[in-house]
Amino acid sequence: MKNNRPVPIAIYINKIPRLFEEFIDLAGRNIIMEKGLSKKHKFSSAVNFYFKNKDKNWHEVEVPKFVIDAVNEIGNFVFLKSVLLSSSRGKPIKALLRAKAIGTFSVEAMIASHYVRRGFLIRWLSVFSKDPPDLVIYDPSNKIAVDVEVKIKEGNVSVETMFDSLSRGLQSLKRRDSKSNERAIVVIHNSDDLHWVEWLRDPDVTKRLISRLENDEYKIVSGIVFSGGELVINEKDGGQQYHTKFVAFRSNAATCQLPKRFLTGSGNI
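With my numbering, letter number 139 in the sequence shown gets 139, and the count goes up by one each step, no holes.
Be a bit skeptical, because a hint or two may be false.
[To be verified] Listed below are the simulated DSBU-like cross-link pairs for lysine-lysine, each with C-alpha atoms no more than 30 angstroms apart in a straight line:
id, residue 1, residue 2
1, Lys-130, Lys-35
2, Lys-65, Lys-81
3, Lys-54, Lys-65
4, Lys-100, Lys-35
5, Lys-56, Lys-15
6, Lys-91, Lys-143
7, Lys-81, Lys-40
8, Lys-40, Lys-100
9, Lys-52, Lys-35
10, Lys-143, Lys-52
11, Lys-174, Lys-153
12, Lys-35, Lys-65
13, Lys-94, Lys-130
14, Lys-15, Lys-39
15, Lys-42, Lys-15
16, Lys-81, Lys-143
17, Lys-40, Lys-91
18, Lys-94, Lys-35
19, Lys-100, Lys-52
20, Lys-54, Lys-81
21, Lys-153, Lys-40
22, Lys-100, Lys-42
23, Lys-42, Lys-91
24, Lys-35, Lys-91
25, Lys-130, Lys-153
26, Lys-130, Lys-42
27, Lys-130, Lys-15
28, Lys-81, Lys-153
[To be verified] So the derived label-pair ranges between C-beta atoms look like this:
id, residue 1, residue 2, range
29, Gly-119, Val-63, 29 to 37 angstroms
30, Gly-103, Gln-257, 26 to 34 angstroms
31, Lys-81, Glu-217, 17 to 25 angstroms
32, Met-33, Glu-217, 44 to 52 angstroms
Simulated from the structure, these hints should not be mistaken for laboratory data.
A virtual CB, placed ideally from N, CA and C, is assigned to each residue, including glycine.
Generate coordinates for the entire structure from the input sequences, incorporating the hints supplied.
Pasting the structure below:
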């Protein structure tokens with residue numbers, strides 16, 4: 001069983017300044033230059049490092065891991081820049097300055113950029129509205145749209161806490177305003193590698209997941225995606241870097257089917 005590997009963003013030293021500059025423009029240059037980012041903001045330390053070294057030759061700068069990690073995440077926002085600016089009518093996305101929200105937005109950006117690279121279109125609703133779903137992923141080949149609700153669990157996670165996150169995701173989708181989309185998935189993300197595949201091989205876990213997908217109350221939900229994992233380098237693939245791992249669960253009894261190719265390459269249970 002293979003985990004789906006999103007196309008990595010090639011990060012070269014000479015591109016780091018451009019990525020920071022584009023993210024700063026996207027989030028609101030005037031505000032950042034006048035007030036700076038909150039110390040609690042996920043990218044605060046990395047942005048400060050950039051400002052401190054921006055006029056240097058970056059080939060001579062020793063770039064620490066926390067900056068590389070931040071650039072990998074910032075790169076997803078920059079990749080989705082046209083999508084965000086289209087929704088904001090060209091105005092800066094001030095929501096990206098919110099320290100409490102940027103962690104969630106980073107996970108959503110990773111998921112969204114993954115699907116855009118695979119030829120899907122997206123609407124990133126959570127940045128502009130508090131109403132579910134967080135994302136809408138649209139397949140232009142067959143005009144199928146999928147609502148996506150993202151739930152994040154940090155630190156140690158048990159099967160029970162995973163199901164708590166799933167329940168909250170299902171309830172959010174149930175309350176969604178848009179009734180036009182008949183397909184939906186819940187994404188449960190943890191930054192650590194939680195060996196999702198091993199969990200999903202547990203017959204008791206599988207049974208509980210199937211019961212959720214067969215429940216008439218949540219019949220719109222077609223699948224559940226589990227994601228997470230630190231940056232890994234696969235030696236067999238020539239040292240390619242992969243930014244996350246995806247494992248997808250879909251019950252045969254699910255009322256609504258996902259678009260073709262939607263979970264292609266994922267570790268489907």
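Results for each hint:
Taking the CA atoms of Lys-130 and Lys-35, the gap is about 25 angstroms. The hint holds against a cut of 30 angstroms. This hinted pair checks out: Lys-65 and Lys-81 have alpha carbons roughly 24 angstroms apart, not beyond 30 angstroms. The straight-line distance between the Cα atoms of Lys-54 and Lys-65 is roughly 17 angstroms, inside the 30 angstroms bound, and the hint therefore holds. A hinted pair counts as satisfied when its Cα atoms are at most 30 angstroms apart, and Lys-100 with Lys-35 qualifies at roughly 17 angstroms.
Of the pairs offered as hints, the one joining Lys-56 and Lys-15 holds, with about 13 angstroms between alpha carbons and a cut-off of 30 angstroms not exceeded. Using a Cα cut-off of 30 angstroms, the hinted pair Lys-91 and Lys-143 holds, with the two alpha carbons roughly 29 angstroms apart. Pair hint Lys-81 plus Lys-40 holds up; C-alpha atoms about 24 angstroms apart against a cutoff of 30 angstroms. Between Lys-40 and Lys-100 the alpha-carbon distance is near 8 angstroms, which keeps this suggested pair within the 30 angstroms criterion.
As the CA atoms of Lys-52 and Lys-35 are separated by approximately 16 angstroms, the hinted pair is consistent with the 30 angstroms bound. Taking the CA atoms of Lys-143 and Lys-52, the gap is near 47 angstroms; set against the 30 angstroms cutoff, the hint is violated. For the hint linking Lys-174 to Lys-153, the alpha-carbon distance of about 20 angstroms falls within 30 angstroms, and the restraint holds. Only pairs whose Cα atoms come within 30 angstroms are accepted, and Lys-35 paired with Lys-65 is accepted, the gap being roughly 26 angstroms.
Proximity of Lys-94 to Lys-130 is assessed by CA-CA distance (about 14 angstroms); at most 30 angstroms being required, the pair is judged to hold. Under the criterion of a C-alpha separation no larger than 30 angstroms, the hint pairing Lys-15 with Lys-39 is consistent with the structure, at around 25 angstroms. At roughly 20 angstroms between alpha-carbon atoms, Lys-42 and Lys-15 fall within 30 angstroms of each other, so this suggested pair holds. Of the supplied pair hints, the one linking Lys-81 and Lys-143 holds, its CA atoms being roughly 23 angstroms apart against a limit of 30 angstroms.
Taking the CA atoms of Lys-40 and Lys-91, the gap is about 24 angstroms. The hint holds against a cut of 30 angstroms. With a CA separation close to 13 angstroms, the supplied pair Lys-94 and Lys-35 stays within the 30 angstroms bound. This hinted pair checks out: Lys-100 and Lys-52 have alpha carbons roughly 25 angstroms apart, not beyond 30 angstroms. Between Lys-54 and Lys-81 the alpha-carbon distance is near 22 angstroms, which keeps this suggested pair within the 30 angstroms criterion.
With a CA separation close to 19 angstroms, the supplied pair Lys-153 and Lys-40 stays within the 30 angstroms bound. For the hint linking Lys-100 to Lys-42, the alpha-carbon distance of about 9 angstroms falls within 30 angstroms, and the restraint holds. The suggested pairing of Lys-42 with Lys-91 holds, with an alpha-carbon distance near 22 angstroms, which does not exceed 30 angstroms. Only pairs whose Cα atoms come within 30 angstroms are accepted, and Lys-35 paired with Lys-91 is accepted, the gap being roughly 18 angstroms.
Only pairs whose Cα atoms come within 30 angstroms are accepted, and Lys-130 paired with Lys-153 is accepted, the gap being roughly 19 angstroms. The hinted pair formed by Lys-130 and Lys-42 meets the criterion: a straight-line CA distance of about 21 angstroms does not exceed 30 angstroms. A C-alpha spacing of about 33 angstroms is found between Lys-130 and Lys-15, which places the hinted pair above 30 angstroms, so the restraint is violated. Under the criterion of a C-alpha separation no larger than 30 angstroms, the hint pairing Lys-81 with Lys-153 is consistent with the structure, at around 26 angstroms.
For the hinted restraint 29 to 37 angstroms between Gly-119 and Val-63, the CB-CB distance of approximately 32 angstroms keeps it satisfied. Against the hinted window of 26 to 34 angstroms, the Cβ-Cβ separation of Gly-103 and Gln-257 comes to about 32 angstroms, which satisfies the hint. For Lys-81 and Glu-217, the hinted distance range of 17 to 25 angstroms is not satisfied, since their beta carbons lie about 38 angstroms from each other. Evaluation of the 44 to 52 angstroms hint for Met-33 and Glu-217 yields a pass: the beta carbon distance comes to about 49 angstroms.
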